[in-house]
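Protein chains in written order, with the working numbering: chain H, 1 to 291; chain C, 1 to 135.
To be clear, the hints were calculated from the coordinates, so they are not data collected in a lab. By construction, the Cβ of each residue, glycine as well, lies at the ideal position given by its N, Cα and C atoms. Among these hints, one or two may not hold up.
The calculated lysine-lysine pairs, modelled on DSS-like cross-linking and capped at a C-alpha distance of 25 Å, are [claimed, not checked]:
(1) C/Lys-13 / H/Lys-33
(2) H/Lys-252 / H/Lys-271
(3) H/Lys-34 / C/Lys-13
Some, not all, of what chain H presents toward chain C, calculated at C-beta under 8 Å [what the hints assert, rightly or not]:
(4) Leu-48
(5) Phe-130
(6) Arg-208
(7) Leu-211
(8) Glu-213
(9) Ala-217
(10) Pro-225
(11) Arg-230
(12) Leu-265
(13) Tyr-269
(14) Ile-277
(15) Ile-281
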Amino acid sequence: MASTRDIRRRIKSVKNTRQITKAMELVAASKMKKAQQAALAGRPYAELMAKMLASLANRVEEAQHPFLARREVRTRGIILITTDKGLCGPLNANLFKLVSDIRTPAKYAAIGRKGAQFLARTKRDLLADFPANDRAAFADIRVVAEFMVKQYLDGVVDTVELIWPRFRNTLVQVPSALPLLPLQSLRHAIDDLDSHSGAAAMTQADDREILFEPTAAVVLEALLPLYINREVYEHVLEAKASEHSARMVAMKTAKDNATKLLGDLTLEYNKARQAGITQEILEIAAAQFAA
Amino acid sequence: MPLTLEIVTPEAKVYSDTIDTVVIPTVEGEVGILPGHIPLLTQIQEGELRVTKGGQTQWLVVSGGFAQVEGDKVRVLAEHAIDEEKIDEKAVEDALKRAEQLLQDASTTDPAQFEHLQELVRFAGVQLDVKRRRR
């Protein structure tokens, strides 16, 4: 049986661990709330963009825009959204599993250090990597989106897809993939915006007389890249919410585990202490008896 | 019938109020919107947005984006929008200097980034213009 001193030392270290994991759980919980609020704050933007696209939908030749033109897919372009930091349970590992299943040729851009490390380690074609800090600013994410769109327009990649941890609820995050480019149709984009803005009714194509400045085609050309930027930004925010909830759950498990371990250790410590006392009494009694 | 003006950015809805008139900096020049304007969808560039309400004028600075007029609603979709009063002149000047410095060294970097920096410089420039003029 371990000596009481050893057990006491272990109790102390487990207590420290419990304190740290508890603090991290609380931090993750508050960050998760912030991330969810940020995701909600983006809704009016999605709503307005849907309205603008809707008023353009029936007025321009869709197929002319390079985002809407289909072409043969030789190399897929994938934006992998992961976290910068670890200690968030199986969140990143699940994403990597999804990436490992990709057999067709693909080039990658990573948001988040973990993803960049994984892609480098598995010797995949990493075009660029970007950090994923907690304050995901639109200006930072837009750089990623524009980079990937440029690769698409230059013909380096033939699709742009996203892989990110979809936030289902606090306990469940599902690694998911979403094709961004080429766009299926404007209608598809509008429906997608509607689903994000939480609009009750579908935004209908607007056929009333509208003045476009400079022209409808020019406006559409400028609006579609914004749509892609918004799309990437939105998923980064969702990934943030997923990250923090995954970390919160992982830390809660760790904390509970530490509490359980602490109970076991305390019991063991008391037993050892009791055994020591009994031993001492026995020795004193034996000594007295001998005298 | 008063107009409603809404300005949204990806990060938040930054402005929402009923107003009398608004002047929007479009790519084809400034456009003044009065109640009863015909439906309009236009591209805007970085510049100042003048809002008049009850005889008082308020200045906002927006970066590039779009504006939509529909009935009595004016909606602006911009990447950044900031109230003139909230502009921190010092911070903007610093940002402007940094961006200009980067532009100087940026002969080698890719054109997309170059364009982004130029946009930053223009946006910062407009902010400073508006702020100084107001004093």
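Hint-by-hint comparison with the structure:
1. C/Lys-13 / H/Lys-33: 19 Å, holds
2. H/Lys-252 / H/Lys-271: Violated. H/Lys-252 to H/Lys-271 sits at ~29 Å, over the 25 Å cutoff.
3. H/Lys-34 / C/Lys-13: Distance of about 16 Å is within 25 Å: holds.
4. Leu-48: 5 Å, holds
5. Phe-130: 13 Å, violated
6. Arg-208: Since the shortest Cβ distance to chain C is 6 Å, the answer is holds.
7. Leu-211: 5 Å, holds
8. Glu-213: Interface hint status for H/Glu-213: holds (4 Å vs cutoff 8 Å).
9. Ala-217: 11 Å, violated
10. Pro-225: 11 Å, violated
11. Arg-230: With a closest approach of 6 Å, the H/Arg-230 hint holds.
12. Leu-265: This interface hint is violated because 48 Å lies over the 8 Å limit.
13. Tyr-269: 53 Å, violated
14. Ile-277: Violated, because the Cβ-Cβ distance from H/Ile-277 to chain C comes to roughly 65 Å (cut-off 8 Å).
15. Ile-281: Status violated, d = 71 Å.
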